Amino acid sequence: MTTTVPPHVSKIEDYLARLRDLRSEIWPLEVPREVIYPLGQITITEHIRRWARVRGDHAAVVWHGRTVTYAELDRLSDRVAAHLAHRGLGPGDRVAVMMPNLPQFLVTFFGILKAGCVHVPINPMFRRLEVRYEIEDTGARLAFVLDDLIEEFAAGAEDTSITEVVATSVRDFLPESEPLPPGAQDGVPPAPGAVRFLDVIGRDDLPVPDDPGDLDALAALNYTGGTTGMPKGCEHTQRDMLYTAATGGVQGTAITQDSVFLLYLPVFWIAGEDGFLVPLTAGATLVLQYRYDADETARAIDRHQATSFVGTVDNVIEVMEAAQRLGTSLASLEQVTSMSFVTKLSAQVRERWAAESGSSAVLRESSYGMTEDHTMDTFTRGLEAIDLAGRPGFVGIPMPGTDVAIVDFLTEELMPIGEEGQIIVRAPSLMRGYYGKPEATADTLRDGWLFTGDSGLIDERGCLHYLGRRKEMLKVNGMSVFPSELEFQLSQHPDITAVGVVGQTDHSKGEVPLAFVELRDGVELSPDDIRDWSRQNMAPYKVPLVRVLPEIPLAPTGKVLKRELERLASSPSEG
Numbered sequence: 006m007t008t009t010v011p012p013h014v015s016k017i018e019d020y021l022a023r024l025r026d027l028r029s030e031i032w033p034l035e036v037p038r039e040v041i042y043p044l045g046q047i048t049i050t051e052h053i054r055r056w057a058r059v060r061g062d063h064a065a066v067v068w069h070g071r072t073v074t075y076a077e078l079d080r081l082s083d084r085v086a087a088h089l090a091h092r093g094l095g096p097g098d099r100v101a102v103m104m105p106n107l108p109q110f111l112v113t114f115f116g117i118l119k120a121g122c123v124h125v126p127i128n129p130m131f132r133r134l135e136v137r138y139e140i141e142d143t144g145a146r147l148a149f150v151l152d153d154l155i156e157e158f159a160a161g162a163e164d165t166s167i168t169e170v171v172a173t174s175v176r177d178f179l180p181e182s183e184p185l186p187p188g189a190q191d192g193v194p195p196a197p198g199a200v201r202f203l204d205v206i207g208r209d210d211l212p213v214p215d216d217p218g219d220l221d222a223l224a225a226l227n228y229t230g231g232t233t234g235m236p237k238g239c240e241h242t243q244r245d246m247l248y249t250a251a252t253g254g255v256q257g258t259a260i261t262q263d264s265v266f267l268l269y270l271p272v273f274w275i276a277g278e279d280g281f282l283v284p285l286t287a288g289a290t291l292v293l294q295y296r297y298d299a300d301e302t303a304r305a306i307d308r309h310q311a312t313s314f315v316g317t318v319d320n321v322i323e324v325m326e327a328a329q330r331l332g333t334s335l336a337s338l339e340q341v342t343s344m345s346f347v348t349k350l351s352a353q354v355r356e357r358w359a360a361e362s363g364s365s366a367v368l369r370e371s372s373y374g375m376t377e378d379h380t381m382d383t384f385t386r387g388l389e390a391i392d393l394a395g396r397p398g399f400v401g402i403p404m405p406g407t408d409v410a411i412v413d414f415l416t417e418e419l420m421p422i423g424e425e426g427q428i429i430v431r432a433p434s435l436m437r438g439y440y441g442k443p444e445a446t447a448d449t450l451r452d453g454w455l456f457t458g459d460s461g462l463i464d465e466r467g468c469l470h471y472l473g474r475r476k477e478m479l480k481v482n483g484m485s486v487f488p489s490e491l492e493f494q495l496s497q498h499p500d501i502t503a504v505g506v507v508g509q510t511d512h513s514k515g516e517v518p519l520a521f522v523e524l525r526d527g528v529e530l531s532p533d534d535i536r537d538w539s540r541q542n543m544a545p546y547k548v549p550l551v552r553v554l555p556e557i558p559l560a561p562t563g564k565v566l567k568r569e570l571e572r573l574a575s576s577p578s579e580g
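When we follow the numbering used here, the leftmost residue of the sequence shown carries the number 6, and every step to the right adds one.
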């Protein structure tokens, strides 16, 4: 990665040196100042192989009564790699995965990387148009899909590059004595024409391909939204995954081989991917939950003596209340980090956790980041004496090897310490670019810096404060929703001629999208009609509230007047 000084940012290296001096005065004694790779800078897949050799019987993944050891994880992922090679796939070929939190997802992930292929996670909540977009954008040739999702996936994959679907069931890794996890479905008929996942991992006669062992080859396309059009695939390598796992484990969570890391964040998210990479590269145990359920989480922490977990502030409080109600213990927890999506972490929330949880862990904010940089640019561990005492939005100090600066949104000149501007990041975890989108890449990645579009400031101690999205992105229950993406999708409706989407504050979800639409002449559609169409064509959390207007307000340039829509959004209206 280049470290060229951006020509439009004056004296940035002097600026960064000053920030490092400020941070050195508050750097926690228990947090190493350098990047530490416990097994060296080897591939993610080689980590699994080595842990399988030195502690093969140790639990790698625990999932609703099923334990997968490191030896088993290594062996089964080898068989996935062998299947891909048998089907003619190899380095650079894209493989789609559409599953929720299942052991099969992890086995498939490591198998894809062992074959040198590229992991393309698809959100299980996606509908056919969204599925089709990612398949066509990546040219994925083979897909691993949960049975429940086959119908929607098949509709989206029709007449695309997909030549084979490997189908799995929730029951495939669930012990017979175990009930279905909360939210899981049963009784889904076998997918016609699909290869069964159990057949893939049950076959031991295929040769395992040589692992390319290339840290810098394209390894994953993690999709994020954008300010124009549809989502973009962030090109990530095993090298940037490894850096994120190393710093997230050492600086972020103090993980060791004895740690038990509970994860319910969706593994198809970049944050969920980090959530399994951190423990599994460290030789620790991952307790994976099918999806978030407060009671199930409280029981799992007690049952498995989990030492750390991360969730939204609301979820952390819900788990604490569930433990009190169920009589389970959270005393094993040593590290608990929270994400301030709807409810923000405050001194009052922290004090309540300390008083009622029974855990010695200090509740703290997680970190700053985004899909483009693998989400963990900063750490907050050891900074609890200062994190909530000053300005809001505290997200800590940069990981070793990562630089963060604040520049003016318009001039891109450095902003003085304490003043707001755009957050820019330079880190080993940065994506190579947006897949197939050189113009968007050039606009976002410049001279080794990621221009995030986020608003923030650096305080007098050198700590970063995240103040919000300068871009239009909304956070709906913590899920990223981009108005431009919804506008694009709604414009596909044959009777909608113009559309503008803005955010509206919602007490329970934080924000919800509100779509203003203009209909084709002579057409009569209600907001409910449009919402019904939306439910068939987009993930549930994206389905907007709808208002029909006679005419969408436009600027002379033809752009939608978002400020006028925001004014209308603040006025009461039916629909």
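In short, the hints are calculated from the structure, not lab data.
Since this is a predicted model, take the numbers as computed values, not measurements.
Don't be surprised by glycine CBs; every beta carbon is placed ideally from N, CA and C.
Be aware that a few hints might be false.
[Said to hold, decoys possible] Straight-line C-alpha distance at most 27 Å; calculated DSS-like pairs for lysine-lysine:
#, residue 1, residue 2
1, 514, 480
2, 480, 564
3, 480, 442
4, 349, 564
5, 567, 514
6, 349, 514
7, 442, 349
8, 514, 442
[Claimed, not checked] DEER-style ranges, computed between Cβ atoms:
#, residue 1, residue 2, range
9, 190, 164, 33 to 43 Å
10, 421, 46, 12 to 22 Å
11, 183, 482, 52 to 62 Å
So, going through the hints one by one against the coordinates:
Simply put, residue 514 and residue 480 have alpha-carbon atoms about 8 Å apart, close enough for the 27 Å limit, and the pair holds. For a cut-off of 27 Å, the pair hint linking residue 480 to residue 564 stands: about 24 Å separates their Cα positions. Proposed proximity of residue 480 and residue 442 is supported: the alpha carbons are some 25 Å apart, at most 27 Å. Between the alpha carbons of residue 349 and residue 564 the distance comes to roughly 34 Å, so the proposed pair goes past 27 Å and is violated.
With a C-alpha separation of about 22 Å, the suggested pairing of residue 567 with residue 514 holds against the 27 Å cut-off. Annotation: proposed proximity of residue 349 to residue 514 holds, straight-line Cα distance about 13 Å (limit 27 Å). A C-alpha spacing of about 35 Å is found between residue 442 and residue 349, which places the hinted pair above 27 Å, so the restraint is violated. Our distance criterion of 27 Å between C-alpha atoms is broken by residue 514 and residue 442, whose separation comes to about 32 Å.
Between residue 190 and residue 164, the C-beta spacing of about 28 Å breaks the proposed range 33 to 43 Å. In this structure, residue 421 and residue 46 break the distance hint of 12 to 22 Å, their C-beta atoms being roughly 37 Å apart. Take residue 183 and residue 482: their Cβ atoms lie about 28 Å apart, and the range 52 to 62 Å is violated.
Hint check: violations occur at hints 4, 7, 8, 9, 10, 11; the rest are consistent with the structure.
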